[in-house]
Structure formats: structure tokens, C-alpha cells
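Please build the complete structure, drawing on both the sequences and the hints.
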Amino acid sequence: MWALVVLALSVHIGVARAFFRMPCKQPVVLERADPIVNANNVSGHLHTVMGGNGFDFNMTFDTARASTCSTCAPRADLSNYWTPNLFYRAQNGSVHRVEQVGGMLVYYLQRKGDDSEQLKAFPPGFRVIAGNPTKRSYDPADPEQQAVSHVCLDYNGLSPETPGFPQTKCPNGLRTQVFFPSCWDGTNLDSADHKSHTAYPSSVNAGTCPSTHPVRLVSIFFEIIWDTANPAWEWWDGGDGSGHPFVLSTGDPTGYSFHGDFLNGWDVDVLQAAVDQCTADSGVIEDCKLLELRTDDEMSDCVLPGRVPEQVNGWLPALPGCNTISPGPQDAKMQPPSSCGASTTIQSKDTTSLLSPMSGWTALGCARDSQSDRVLEKQFKNEDGAMDVEGCGSYCAQNGYKYAGLEFGSECWCGNSFDESALLASGEGACDVPCEGREDENCGGASRLAVYEFGGSAPAPSGGATEAPSSTSTDVPSSTDAPSSTDASSTTDTDASSTTDAPTSTAAPSTTDVSSTTDAPTSTEAPTSSNEPSTTDADTDAPSSSETDVPSTSETDAPSAPTGKPGSGGGESGSGTSETDAPTSTSTDTETSSSNTDAPSSSTDTPSTSETAVPSTSTEAPSTSTDAPSSSTDAPSSTETDTPSSSTDAPSSTANPSSSTDVPPQPTNSNSSSPDPNWTSLGCFVDPLVPRRALSGLPMWSGLPMTRGVCVSHCMDNGFTYAGVEWGRECYCGNELEEGSVPAPNGDCSNACDGDSSTTCGGPSRLNLFQLKDGASPSSTGPRITPTTPSSDFPGAGGGWDSLGCWFDPVMPRALREYVFTDERMTGEVCVSGCEGRGFVYAGTEFGGECYCGNDLLASSMKVSKDDCSTACKGDAGEMCGAPGRLNLYRKSSSSPTSVEPDSGSTSSTPTPTSTKGRHRHHHRPTRRAVASHRQRASRRRQFA
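Residue numbers (mature numbering (1 follows the signal peptide of the UniProt record, and there is no 0)): -18 to -1, 1 to 927.
Check the hints yourself; a few may be wrong.
[Said to hold, decoys possible] Listed below are the simulated DMTMM-like cross-link pairs for lysine to aspartate or glutamate, each with C-alpha atoms no more than 25 Å apart in a straight line: (1) K331 to E435; (2) K102 to D279; (3) K102 to E126; (4) K177 to D167; (5) K151 to D97; (6) K151 to D222; (7) K315 to D219; (8) K151 to D658; (9) K848 to D279; (10) K755 to D784; (11) K177 to D219; (12) K848 to D838; (13) K315 to D136; (14) K848 to D756; (15) K102 to D263; (16) K151 to E718; (17) K848 to D858; (18) K331 to D279; (19) K848 to E861; (20) K271 to E292; (21) K331 to E292; (22) K315 to D175; (23) K177 to E205; (24) K848 to E359; (25) K177 to D121; (26) K102 to D167; (27) K151 to D136; (28) K874 to D784; (29) K331 to D44; (30) K177 to D124; (31) K102 to E274; (32) K315 to E126; (33) K151 to D167; (34) K102 to D44; (35) K271 to D97; (36) K755 to D658; (37) K315 to D222.
No lab work stands behind these hints: they were computed from the structure.
Put into C-alpha cells, the structure is as follows:
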């Protein structure tokens, strides 16, 4: 089947190549709602909904067009796009939702049967479903099932595509995709089964339309990447023959029931103009100039609170709704929510909120926050990762503050003044990141502060706080005689010289029956590996998650969750342990995390780096998303806009990264022009794009600036034998050419290289292709450099360590490779101490809590603007510790490297970072889902390190 699809694509690619990828940054809501199938009722299964905030349980075209914002990019599009969710299931039966990496991509493809065919935009009121939620087996003759597929992503090897879920662990996550029917009967906007008014063309995603459905619509195609590579998910076979631990929200472990829904909300005239006039074959939506695009902030702040009173975050005893896990092969019978007691209530819009209630405080809304201009001035963090709403309120009340705020899922801020102009005009915005200590509550978002004002009854004790202070005659609580927490964790107080201990939030129940074979640490609310939840030995004064007012999908207590890790024998860590297993950042844009999962945790709360610095034992450096839509293997990498090169063509550290001219004069394109004597130029080749890029070994990478030599060096550094440059700025690597990549006329490769306007770097869907010569071996380390010039951009780290400023970390491979550790109390001093103790002369902090060590740097690492290093250190909010893909770099003065053995019981390794999958760069603010996933993983690792 898949070969036929590729053949069909190659046949029709000349007829219509134009398309654009539309990023939908994040969900507008997670809800058991489906206004197409279950209008005016609660749906049977959970959906992730993208698009306009007009989404409702019953919708018309006018409802969609009344949206005031959307999580998808074009301003003219207020449509909604939704799919079922993916869940991880633990061996004890509990389930946890799997995050989508960066949202969803919707492809708009101008596919025609022939050049004479007229292509139409979706008419007003049009809606359609692709796929079947009841399917549990595969019929290769059914076009509807052919339209759904899954790709096991492995950017260092093959990424096989299958009609059902793969039965193997996918190193870089799971990509799921569904193609919608593009032939319409020309009359009906909907049908009884929500499908019959449409049909698939002869080759499913291309070909000719049947005579019964003669009107050709623009084709749409959903693409999602699931974070199944999360190290928190223990791999097991599912216990029912499925061969993996994942299940769709429909109760389907096979993957055959994946489906998508589309409800049109476009300005139809604008979409028709885009269909007619946006004929670029790049897929880049910015190339369609007539589409005005929303900003990242506009998409991020477009969020709706759920209106079905049930919990969908954290560990759940069962799938939301009444969805028994059924592997088939017979079709599943969908059960109504009422059949198992699941909620069928739809709350009114004016009674729901993204801001979780805080006893004795009034929620004011969601405010923009920034490191340079804080909304509230005082911060504390629970060192044991137990932040929750009541704990923050209690702390601010006990210390005499009028305002309290929560951010990033783990930070509490207090203050006595607040400028209400900072509140988002759109309402609550993206203040929906689950709290690190309680996933059934929201604790602000990424650079978004959930703000509360003290007032009303005294704050109730919660999360370990024994008692909240009583209200004084003023609106401001007294800071005197504040009671301390009965089980307070240590706090990081960045502002006050002395405070009381901060209260903890609800603690996770203890582990009672730990299995030594498990691999998935729990969240802070997922208790034990036993089927019966335990509440012993766990902050007995704090209410458990099952005692809250948050409705559960079951009458049972909070579900058990798997504990322990392979080789660790399970077991719990003490409270306040350092985050030695926290995921590290290797990407500006995607969220695939794999970090030191076997490293022992620290047993002390003292900030001793030698106790908490745990070297990586993995062969892959972890990676973390901050912002981008999901992508396929043809997507740009996390280094698209800011990545220097290791080639001799790369500029010096002071070079201007932009090209000197937009249209270079007469660039040279020669089949014999190779940038390296070990590589042969093969000339200009077609990049088929769909279903795969010509070279798919790594996601797209873009150097600062791009040249042929930059790309060849990048591919060589990462062990590949083919390199290709495209669009003047994009680099692709691989060890084989995908089908459909054939020689093209030399003149098709006409785009000047960004970094060398005298030569060409491919063109639209065209590669200048290079191959490593026989006998030559691709490098695994790349050339190295040893910079020495101190920088005044940042202060030194003390102890004879000079600051060299802010440096680019190429990620693939790392600038500093010899040793890496993480620490929740990370500062420059902590990092250089850990590196110096192991004999290294270079140290670099990244992403707030990561430290990298080495005796030289990859040559493709270069000094960049100090503004790029904008992430505050976890141990000192007043100090910068790099950023995603950026290092605050330090060097030991007047020293030479020495070689030392790693600490006993730990292993120093040279990490090989995981490939990344993002599309949009420029250090955007992290999405709330990425932050939530990062916080949840860190919390789980701390509890069961």
C-alpha cells in the first residue's frame, strides 16, 4: 500500500505540488466534546481541540466565525480541528495522557486530478470526519483506513510507517497522521454519518474524484507527534497482545481507530485566494503572503477552560468516559458516558475558570510576566517539587503579602503591589500548566502569572501548611507570627533574608509494593505500584488528590502508578532531593526528553555539586521543547535560525548571521563543486517532501549562515553519508535517498546560499546533493576550538573562572560533550565547581538547570548576543544560566586540562543528543503543554529517583 502511495505521489506531483503547513500551536481545550457527532451532549471520549475559541458543544459556521482568537496561525482561519488523545497505561491499570509535541500541523495541499480541475475552498458550514473510532483491525482495501498511519520516529535510523501502532519503542516519539477526503458531492455540508457527503480520490491522497463527488476541495492532512519517548513511560507489552503500553482515548490500543474532525471556520474568500494564488511548493506558510498570521503569544493565550467536571490531567484510574480498552479484532461498541457513571454535565461558561481556586483569595486573572520586569517581586520554590495553589497562597499570606501568583507550574510569587494593566485582555490566557505538586490544579503558565488578591475568609491549610494566618483589619495579611508548616520542604527565597518555611503542597502517597522491573516514575499524585492506593507515610495532614472536590472518572481513590526504574530496585527518594534526573534541554522547540534515568539521586539537600551532579549514563542527551508545532521528518530542526557551522565556511564569532543581500548576483551551481575533498557533488535533486523528504536521517537544520560546507560538516559530524542543501538555508542529512528523489535540471537549484552568495544551496523542493566518498568515514566529534577571550557581558563564576559570554550550543553534537549534570540549585558557581572537580577547564550552564563540561568546544559553537542567554538560573533568579541551545560559557584561567576518573558509582559519558523535530525558532516563549510536561516529568523523577 505504502509503495503505491509513493508511486501515486510521484505521478501526481507534477500536476499540483503547492501546499502550506499550518501550525496549530497548542490545544484550545481538552474536552469530551464533539459538536459534529455528539451535538449538545458530552462526547464518549476525550479530544484535543485546536483552533478557534468559539468551540462549543453545539456549533454552526457563525459560531466558529465568532471566535475571538485561535491557536492556529492564519488570522482568516477560525476553524476547529480535533482528534482523540493518546494515553500511556501502567501495568496497574492507571492511565496518563501523553503530551503532543508542539501542537499539531495541518497541511493544506492543492491536489488536483489534472490541470483542468477547479480546486475549491471549503464552503461555509462544511464539516467532515476522517477515520472510524470503532475500528480495531485493518482492511487494506478501505480508503478510510489507508488515510490513517503512524510513524515510529528514529532520527538516527529508519522511521517505519505502519497503519497501526508500532510494537516497538520509538526513540524520538510517535507521529500520527490522517488524510481527509477531498471530493465533495457539491450539495451537502454534512451527512448522517458525517462522511458520505465526501469521498476519497482514486489514490486516497491524490488522483481523480468519483462521479458521485465531482467537486475537488483543497486537501487537508493532520500531523501530530506524541511524546512516547518520555522516559517516565515504562515500556511493556500492554498485556493484551497489543505489544506496547499506549491506548487512544477511544479505548483502542491498535491505533486503527485514530480519526480527525474538521469544522470549517475560514473566511472562505481568503482561503479560496490562498488555494488559487499560494502556489509555492515549500510548505512554508509564510510564503503565502496573502495570509496574515497570528503571533506566538496570540496563539498561546487562546485557551478555554474545560466544562465537563472531570479530571483529565495526571494519573487517572480509567480513560475519561466509558471506554474499556479493547484490542479487537472485532469493531468496538461505543458506550454512552452514562453507562459507567461518567459525567454528562456541561457547565456554563461563566462558572468555569482556568485559575484554580485559592482559599481566602480572589482570582484576578492571567498576567504577562518577564524576567526583566516581574509582575510580583518575591519568589519561592518548593525544593521537593510540591508546589500547589494553596501552598502558594499560604506562603504569601503568612509573609504578609497582598498578592500571590503562580507561574510555570512550580513558581510562587508574592507582592504588595500589582499593575492590573498586566492582565491579559483575552482573559485567563495560557495559565493552565498543571501544578508540579498537584496535576488537578493549574499553576500559571510559561511567562504567564496566575494572579490572586488576598480577601475573604482566611486561607485554608493545604499541602502541608498547618494553619493560615488570620486576616487583620486591613486587606493585607499580617506577616508576624506566621505558623510554620508541619512538613515544610526547603525553599528557595530569592528576596527575603529570612522567612518562615514554605508550606508544601499535597504529597504523593508512598510506594508500598515497588517493582524492580518498572520504569515509569509516577507523578506527584499517582501513588503506588499496588492496585490499592496507599496513603501511609505521606504527609498525613495533607489531603490526597482523591479528597479534593475535583471530580474523578471513577469512584475509587487516586489510582496507583508504576514506580521505580530498571536496575534501581524501585524505592523512594527523600523529600528535598536534588533533581538529578531532570530532563535537559537540547532543543529550542521540541519536547523529547531522556535524561540520566539510571543515575542515582542525591540524598542531601545541601548545594554540594559533588553530591548532586550526576553524569549522564545514557548515550543520548535529553532534549526538551519550548515552543514549536509538531513536525515530521521533513521539519526544520531546533537549530533552524541560530545554528553556526563546524565547517571552514562558517563565519567567525563576530560575523553577521544574515545574508548581505536578499538576491545574490548569479550564484554558481556546478555539479563538480564540492565543499570538501572527501565528498562528491551529485548535482541537483528533487526533494519529494511528501510523504518523506529525500534525506530523512535528521530533521532540517540551518546554520548561521548556511553554506555547502556548513551542511556537509554538520552531516559528517552526525555520522551521515549524504548531505543536501535546500532553499538557500536548509540542510538535510541521511544515509540513503528516499523514493522519488531523482536528478533535476541544474538550473532548478538556483537559490543562493545564505552564507555564500556566490554559490547555490538548492531551491524550492530541490537539493544540491553531496555524498561521502568511498573509504572516507563520517566524523563523530567534529573539529574543536579552545576560546580564551574573557567577556564583560556576564560576571565570572569565581574561583578563577572567567566568563566567555553567551555561546551557541549546536546540540547535534554538543558544544561541550565530556560531562553533563543537572541541579535544581544551578548557578554558574555550582556548574564550574562540578566541572573543575572533574578536571575540566570549560563549563557552561544551559536552560536554567543544566551544566556541561569539557576541555574544548565544538568548532561550530560560536559566541552570540548576550541577550540570547536569557534563562534565569534555578538557584538564583538574578543570574542567567543560558537558554535552550545557548550556554553561559566559563573557562578556568591559565589552566590546562587534566584527565580524571569519574566519581565512584557514577559514569561520565559523551552524550549524543537526540534529534529534534521543531519548525519555528527565535527563542519563543515555551508552550504551556511543553512546560507542563517538563514539570510533570521532573516531579515524577524526584519522587522515585
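Hint-by-hint comparison with the structure:
1. Of the pairs offered as hints, the one joining K331 and E435 holds, with about 23 Å between alpha carbons and a cut-off of 25 Å not exceeded.
2. Distance hint between K102 and D279 is unfulfilled; the C-alpha atoms sit about 31 Å from each other, more than 25 Å.
3. Our distance criterion of 25 Å between C-alpha atoms is met by K102 and E126, whose separation comes to about 22 Å.
4. Among the hinted pairs, K177 with D167 is consistent with the structure: their alpha-carbon atoms are about 11 Å apart, no more than 25 Å.
5. At roughly 43 Å between alpha-carbon atoms, K151 and D97 are farther apart than 25 Å, so this suggested pair is violated.
6. Simply put, K151 and D222 have alpha-carbon atoms about 17 Å apart, close enough for the 25 Å limit, and the pair holds.
7. The suggested pairing of K315 with D219 holds, with an alpha-carbon distance near 24 Å, which does not exceed 25 Å.
8. Simply put, K151 and D658 have alpha-carbon atoms about 37 Å apart, too far for the 25 Å limit, and the pair is violated.
9. Distance check on the hinted pair: K848 and D279 sit about 23 Å apart at the alpha-carbon level, within 25 Å; holds.
10. Pair hint K755 plus D784 does not hold up; C-alpha atoms about 42 Å apart against a cutoff of 25 Å.
11. A threshold of 25 Å between alpha carbons decides the hint, and for K177 with D219 the separation of about 34 Å lies outside it, so the pair is violated.
12. A hinted pair counts as satisfied when its Cα atoms are at most 25 Å apart, and K848 with D838 qualifies at roughly 21 Å.
13. For a cut-off of 25 Å, the pair hint linking K315 to D136 is broken: about 35 Å separates their Cα positions.
14. Of the pairs offered as hints, the one joining K848 and D756 is violated, with about 43 Å between alpha carbons and a cut-off of 25 Å exceeded.
15. A C-alpha spacing of about 18 Å is found between K102 and D263, which places the hinted pair at or below 25 Å, so the restraint holds.
16. As the CA atoms of K151 and E718 are separated by approximately 23 Å, the hinted pair is consistent with the 25 Å bound.
17. A threshold of 25 Å between alpha carbons decides the hint, and for K848 with D858 the separation of about 18 Å falls inside it, so the pair holds.
18. A distance of roughly 23 Å separates the Cα atoms of K331 and D279; the hinted pair therefore holds under the 25 Å criterion.
19. A hinted pair counts as satisfied when its Cα atoms are at most 25 Å apart, and K848 with E861 qualifies at roughly 13 Å.
20. Restraint check for K271 and E292: not satisfied, since their Cα atoms lie roughly 43 Å apart, outside the 25 Å limit.
21. A distance of roughly 15 Å separates the Cα atoms of K331 and E292; the hinted pair therefore holds under the 25 Å criterion.
22. With a C-alpha separation of about 16 Å, the suggested pairing of K315 with D175 holds against the 25 Å cut-off.
23. A distance of roughly 20 Å separates the Cα atoms of K177 and E205; the hinted pair therefore holds under the 25 Å criterion.
24. Straight-line distance between C-alpha atoms of K848 and E359 comes to about 24 Å, which keeps the hinted pair within the 25 Å bound.
25. A threshold of 25 Å between alpha carbons decides the hint, and for K177 with D121 the separation of about 18 Å falls inside it, so the pair holds.
26. Restraint check for K102 and D167: satisfied, since their Cα atoms lie roughly 12 Å apart, inside the 25 Å limit.
27. Taken as a hint, the K151 and D136 pair is honoured in the structure, with Cα atoms around 10 Å apart against an allowance of 25 Å.
28. For the hint pairing K874 with D784, the CA-to-CA distance comes to about 6 Å; that is within 25 Å, so the pair holds.
29. Proximity of K331 to D44 is assessed by CA-CA distance (about 18 Å); at most 25 Å being required, the pair is judged to hold.
30. As the CA atoms of K177 and D124 are separated by approximately 14 Å, the hinted pair is consistent with the 25 Å bound.
31. For the suggested pair K102 and E274, the alpha carbons sit about 20 Å apart, so the restraint of at most 25 Å is met.
32. The straight-line distance between the Cα atoms of K315 and E126 is roughly 19 Å, inside the 25 Å bound, and the hint therefore holds.
33. Between K151 and D167 the alpha-carbon distance is near 42 Å, which puts this suggested pair outside the 25 Å criterion.
34. Taking the CA atoms of K102 and D44, the gap is near 20 Å; set against the 25 Å cutoff, the hint holds.
35. Proximity of K271 to D97 is assessed by CA-CA distance (about 23 Å); at most 25 Å being required, the pair is judged to hold.
36. Note on K755 and D658: the hinted pairing holds, with a Cα-Cα distance of about 10 Å set against a maximum of 25 Å.
37. Annotation: proposed proximity of K315 to D222 holds, straight-line Cα distance about 18 Å (limit 25 Å).
This entry does not satisfy hints 2, 5, 8, 10, 11, 13, 14, 20, 33, going by the numbered hints stated previously.
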